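Colleague: Take a look at the letters that make up each chain.
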Amino acid sequence: MKTTNFNLVKYEADEGYVFDWAEPRFITVFEDGKEIEVQEHLYATTLFIGANDTIENYIEVKKPEEV
Amino acid sequence: MALINKLSAIGDAIREKTGDTELMTLDAMPAAIRGIETGGGGGTEIEPIVLTGHCNYACAGQLAGIYISLYGDTISTKDITSSDSMFYNYPFETIPFKMNMATGTAYIALSRTFSNARKLKSVPEFNAAYPYNITAMFDYCESLRELPEDFGGDWNWEQVHTISSIDASDIFSNCYSLRRIPETFLSQLWGVQTSGYAPVSGMCSNCFALDELVNIPIHQGKLTSNRFTGMISRCFRLRECIFETNEDGSPKTANWKSQVIDFTSNTGWVNDRNNILFHNSGITADKEVTNDASYQALKNDPDWFSCDVAYSRYNHDSAVNTINSLPDCSATGTNTLKFTGAAGSATDGGAINTLTEEEIAVAAARGWTVTFA
Chain A
-8 MKTTNFNLVK YEADEGYVFD WAEPRFITVF EDGKEIEVQE HLYATTLFIG
42 ANDTIENYIE VKKPEEV
Chain B
28 MALINKLSAI GDAIREKTGD TELMTLDAMP AAIRGIETGG GGGTEIEPIV
78 LTGHCNYACA GQLAGIYISL YGDTISTKDI TSSDSMFYNY PFETIPFKMN
128 MATGTAYIAL SRTFSNARKL KSVPEFNAAY PYNITAMFDY CESLRELPED
178 FGGDWNWEQV HTISSIDASD IFSNCYSLRR IPETFLSQLW GVQTSGYAPV
228 SGMCSNCFAL DELVNIPIHQ GKLTSNRFTG MISRCFRLRE CIFETNEDGS
278 PKTANWKSQV IDFTSNTGWV NDRNNILFHN SGITADKEVT NDASYQALKN
328 DPDWFSCDVA YSRYNHDSAV NTINSLPDCS ATGTNTLKFT GAAGSATDGG
378 AINTLTEEEI AVAAARGWTV TFA
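For the protein sequence lines, the chains are A and B, in the order given.
Residues in the first sequence are numbered from -8 upward in steps of one, following this note's numbering.
Residues in the second sequence are numbered from 28 upward in steps of one, following this note's numbering.
These are computed hints drawn from the structure, not numbers from a lab.
Where hints are given, some of them may not hold.
Far from chain B by the CB rule (all over 12 Å, computed), these chain A residues [stated by the list, open to error]:
1. K1
2. D5
3. E6
4. G7
5. E26
With a Cα cut of at most 16 Å, we get these calculated EDC-like pairs of lysine to aspartate or glutamate [what the hints assert, rightly or not]:
6. K365(B) - E3(A)
7. K326(B) - D313(B)
8. K284(B) - E14(A)
These figures come from a predicted structure and were not determined experimentally.
We treat Cβ as the ideally placed atom computed from N, Cα and C, and that holds for glycine.
Chain A on its own, in the form it takes in the complex (with noise of 0.2 Å):
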C-alpha cells in the first residue's frame, strides 16, 4: 500500500517481510573481550520516506523469526 502527504511517502512491507538496507551496513560490537563487525538490519514493517530519502535504499526480506 502506498499513501502521500506531508511530502511523505508510506510504505508497508508485505506479509511476512520486513524492510532492511538495501546497501549493508555493519556496526562494530564487543565480544568475547575482541571488536567484530557485524550486519545490522532494519527489520522494519512500515517506513515513512521522505525528501532526504528514497525507496532504493531498501529491499524486502522475509521476515526473521526473532522479530
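For this one, chain A is given, so just place chain B on it according to the hints.
Modeller: Chain B alone, transformed into the frame defined by chain A:
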C-alpha cells in the same frame, strides 16, 4: 606438619601472647586472638597513605577493598593523573576518601575508574579534573542509583570536546540501578570523534531503571556510520529521549548520516521484572502496572514500570518529543528512527503507531526516516 600440629602451634602462639597455659578448643581461638592487645608502644600504627600520580588499579579487587574498609580513614589522594580502572571490582558500597585529581592541563584518564564496582552506591567527591578518555567510567556500577547533582560541574571538558581520538563511549553502560544522569554531566557528553568512540556509543546501554534522557547534547563530529548503537538499548523505564535544541526551541544542526536511534529494544517496558527489582533502583514490586486499574493508580508515581508493551512508558507522546528535538541533518544525509509501533497503546500518550503524518514529517524534514517494527 599435620593439621593437628599446625593447630597446636597456633594455640601455643596464642598462649604465648595471652600468658595462659590451658588448652583451648578451636572455637575459642578467634575470641582469644581478638582479645590480644596490640599497639601501645609497639609501633603498629598505620602510616597515612597518599595515592598520587598514576593510580590505575590502585584500589581494584577484593583485597584492596578490604584494606580500604579497614584503613580507609588513613588514605588520601593528591594530584591523581590517571584513575583508569582504579576501583575495578571494588567490593564495597562507599569509598571513604576524596578524589583529588591533578589540576592544570595534565591529561587525566578516567576510563573505567569505577568499572565493575558492582556494589558501589555512591561516588566520592571528585574535584576539578581535566578528563581525557572517559570510556566505560561507570560500566557495571550495578548498584549506583544516582550521581551528585553537580558531578563533573567543575571539570575542564575541553579535551573531550576537541580531540578526535578520545574514547568516550559506554560511560554508563550496565548501570542497572541508575535513575537519572545529572543534567550538568549529561550536557558535557559530546565531542568531535568520528569513530565508534563517540559519547553516544553505548552510553546508557542496559540502564534498566533510567527514567529519562533530557537535553542530550549534539555530537559535533562527522558521523557516517552508526554510532548510536546501544545508546538506549534495554532502558526499560525510559519515558523521554530528548535532544538539546537552541534556546528558541529550533533544532540544532548535526553532521550525521546513517545514524540509527533504536527504540525497539524494550525502550519503556521491561522484559523481566527482576531486572528492575533485583538491583538497587529502589523500585518495588507494587509499582508494576499490569492492567488499566493499576495504570490509573500508578501513572503519576515516578517509580512505575510495566512488562507489557501496551503500557510502555515510552509512547506516542514521547516519540513526538523526540522527533521535535531531533537535530537537523538534512544537509548531510539520511538517519533512522526505529520505533515499536504498538508501544504505549494503553497509556494516556497512546501507541507510537498513531503518530500523524504531520508529526512524522517533522523528522523527515530534518533528514530522519521514521520506521515501525
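Colleague: Each hint: holds or not?
Modeller: Here's how the hints hold up against the structure:
Its beta-carbon lying about 7 Å from the closest one in chain B, K1(A) breaks the requirement of being farther than 12 Å from that chain. Its beta-carbon lying about 15 Å from the closest one in chain B, D5(A) satisfies the requirement of being farther than 12 Å from that chain. Chain B leaves E6(A) outside its interface by the beta-carbon criterion, the shortest separation being 15 Å against a cut-off of 12 Å. With a closest Cβ-Cβ approach of about 15 Å to chain B, G7(A) is found to remain outside the 12 Å limit, as its non-interface label requires.
Consistency note on E26(A): stated as away from chain B, yet its beta-carbon is not over 12 Å from all of that chain's, at 8 Å minimum. A distance of roughly 14 Å separates the Cα atoms of K365(B) and E3(A); the hinted pair therefore holds under the 16 Å criterion. Between K326(B) and D313(B), the direct Cα distance comes to roughly 13 Å. Compliance with the 16 Å bound is thereby established for this hinted pair. Restraint check: the Cα-Cα separation between K284(B) and E14(A) comes to about 14 Å, which is no more than 16 Å; the hinted pair holds.
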